[in-house]
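Visitor: Listed below, chain by chain, are the residues.
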Amino acid sequence: MQDVVLAMLAKEPAHGYELRSRMRGALGPLGDAMNAGQIYVTLARLAKAGLVTSQHAEGLPDRPDRRVYALTPAGQQRVAAWLADVSWPKPDLTEFHLKLVAAAAARLADPVTLIDAHRREVLRRLRDSQRAALERSVDPVVGLLVEGVVLRLRADLEWLEACERMWTERDRADNGSAPRTEDRGGLPGGAA
Amino acid sequence: MTGPALLQARRVARWYGRGSALVRAVDEIDLEVPAGQTLAIMGPSGCGKSTLLHLLGGLQRPTDGEIWLAEHRIDTMSERALARLRRRHIGFVFQSFHLMDELTAVENVELAALLAGQSPRRARQRALHLLDRVGLADRAKHLPSALSGGQRQRVAIARALSNEPLIVLADEPTGNLDSAATLEVLRLFEDLRTAGQTLVVVTHDARIAAIADRMISMRDGSFADDSRFTTSAATGAGTGTVYGGWR
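Line by line, the protein sequences are chains A and B.
Going letter by letter, the first sequence gives residues 1 to 192 in the numbering used here.
Going letter by letter, the second sequence gives residues 193 to 439 in the numbering used here.
The shape of chain B in the complex, shown without the other chains:
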């Protein structure tokens, strides 16, 4: 799981307010995410993890520092270039799905590809393929209101993948889901991980650890801990130790 850094943050900071009311939401963070890594950034609400994700995805600009995605320095890019880069190279997944209510599942998924300039026919083909990949081929014509929370999030993940992004950034993707739906989303992320998709998830849900190669704990705008896991290919490899602690 190590390769050249796909995403890099160098002394990235984001401050709000000034003087005694100054809040260092992100406090001079250094981060390298190699291609193919699944990174989970965990921490309590207010620790700065969502702000960090927004900075990494070019949704917000840092107060200081540099952010690089592949060979592009994104923190100094023009708004227009940044919007284009986000559309083409970054897939976003949010806690509250952010689907268009009046569009069907397949229309939601193909929208990103259409905006990126793909032909309607190819965009539709790709969207149907992705819905199949997330196990929702038979829900393509459904409106979001006719889907469960877990299904909506899977549509949102399919949408995030529609432009074959370099990286997928997810903000509390299981935050609104019950445990069965969380399992569906984790399984999907696990499939992405084994397929080599680079993925950064910020969450306070420790279950995300199941699919992470690496976990960073964040406190008060800084990294408190950075652990890497050696993940065997087979899921459930740890079954033998699972029950040991509880008798």
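Okay, chain A solo, but in the shape it has when bound:
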């Protein structure tokens, strides 16, 4: 959650409520279940850790949703490290999805490059797992686990391929349509 909130701030400083609407926009129907309070708790923790700063906007009540949050240099470094992290897989794909959305919105990294790095990592794991399954001496019950691991990794690969297709198309569409608008690309409602 911390990394996601940081990355969502990478594009530009934002009010708490803007941040919340960016997250909801990026998650679509899945964002409905998101707890707004969780974002403010996370922001408070990030501020304490020196990863974000916040300013009280003049003329507005001093509430977390009305404060403007921005990344510190340490926060920016953390976002870069998170984008480069290829730890995979997590049963929850939301974080990876948000990584791509945040990377594209703030032009921090090419989503397709991130997808490629993950695809290589998943492929490496799949290769290791399948090689384990080739072992003739492998116990059939263990083989069952290996088969399960392989099946999940194959599903991940298929999903990553779908991600690659979509982000490649989006990239083409964005580059093809002039003039380019900064606020397009994955964060509907973000800069309202």
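Derived from the structure by calculation, the hints contain no laboratory data.
Glycine is no exception: its CB is placed at the ideal position from the N, C-alpha and C atoms.
Be aware that a few hints might be false.
[Said to hold, decoys possible] So these bits of chain B aren't anywhere near chain A, every CB distance computed over 10 Å:
(1) Arg216
(2) Pro236
(3) Glu263
(4) Ser288
(5) Phe421
[What the hints assert, rightly or not] Selected chain A positions facing chain B (in silico; Cβ < 7 Å):
(6) Met1
(7) Lys48
(8) Leu93
(9) Arg127
(10) Gln130
(11) Arg131
(12) Leu134
(13) Leu157
Position chain B against the provided structure of chain A, taking the given hints into account.
Guide: Same frame as chain A, now just chain B:
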């Protein structure tokens, strides 16, 4: 796993149609496959991988570029010379096996050797040896219809090996197989890999990664990614990391 290039493609292209309907199925690809390498070319259907395999195997001619197998330039060869080269030096494995239904397993395997001019006796000996090698010695007299999918594909692999080819080219070899049969075929390919057989497999089945020294991802007629693996001799070397991701 590096040696002189056995198979080379230089700016190979294959186009279909013309004008606005022009499709670049294979778009100026460069490729070198060293002897002894197991190369997997992966990609979604329609990315051009099967066309590329057909070009590499001399089953189709490129629109442009050169293809070399050992010292032979194959894209400009006469049909007759090409057919002879395919018979002698290239083993093909296809998704749908392409076995002759009315011939037994051993007859299917020896057919290629007979066509290449070997004596019936030697061809039979070699076919029986190969069936033994793919674990089907006791199925030699069976018709394909009496064999499972995995067994049929193993017969097809034995047939591909019958003329001791320089290279084996496989097109979706596990495409029609269940997971147990896929494992049989992967094990067989792994044996071929350790025996030093040069092998090029095109597939959308990522499990093929298990036996590859190198994997190329293909998109829209071009190579998008080219990764090499350092393969330890022992299979299952990665067991320790396999389960780490799933808890």
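Visitor: Now, for every hint given, state plainly whether the structure supports it.
Guide: Outcome of the hint check:
1. Consistency note on arginine 216/B: stated as away from chain A, and its beta-carbon is indeed over 10 Å from all of that chain's, at 16 Å minimum.
2. With a minimum CB-CB distance of about 6 Å to chain A, proline 236/B fails to clear the 10 Å threshold, and the non-interface call is violated.
3. Distance check for glutamate 263/B against chain A: the nearest CB is about 33 Å away, which clears 10 Å, and the non-interface claim stands.
4. The claim that serine 288/B lies off the interface holds: its Cβ sits roughly 22 Å from the closest Cβ of chain A, which is beyond the 10 Å cut-off.
5. A beta-carbon of chain A is positioned within 10 Å of the beta-carbon of phenylalanine 421/B; the least distance is around 7 Å.
6. Residue-level restraint check for methionine 1/A is violated (minimum Cβ-Cβ distance to chain B is 19 Å; threshold 7 Å).
7. Because the closest C-beta pair between lysine 48/A and chain B is about 30 Å apart, greater than 7 Å, the hint is violated.
8. Look at leucine 93/A: its Cβ only gets to about 13 Å from chain B, farther than 7 Å, so that hint breaks.
9. The interface hint given for arginine 127/A holds, since its Cβ lies 4 Å from the closest Cβ of chain B, which is under the 7 Å cut-off.
10. Look at glutamine 130/A: its Cβ gets to within about 3 Å of chain B, closer than 7 Å, so that hint holds up.
11. At its closest, the beta carbon of arginine 131/A sits 5 Å from a beta carbon of chain B; the interface hint therefore holds under the 7 Å criterion.
12. Evaluation of the leucine 134/A hint against chain B yields a held restraint, the C-beta minimum of about 5 Å falling below 7 Å.
13. Checking leucine 157/A against chain B by beta carbon gives a least distance of about 5 Å; that is within 7 Å, so the hint holds.
Checked against the numbered hints given earlier, the structure breaks hints 2, 5, 6, 7 and 8 and satisfies all the rest.
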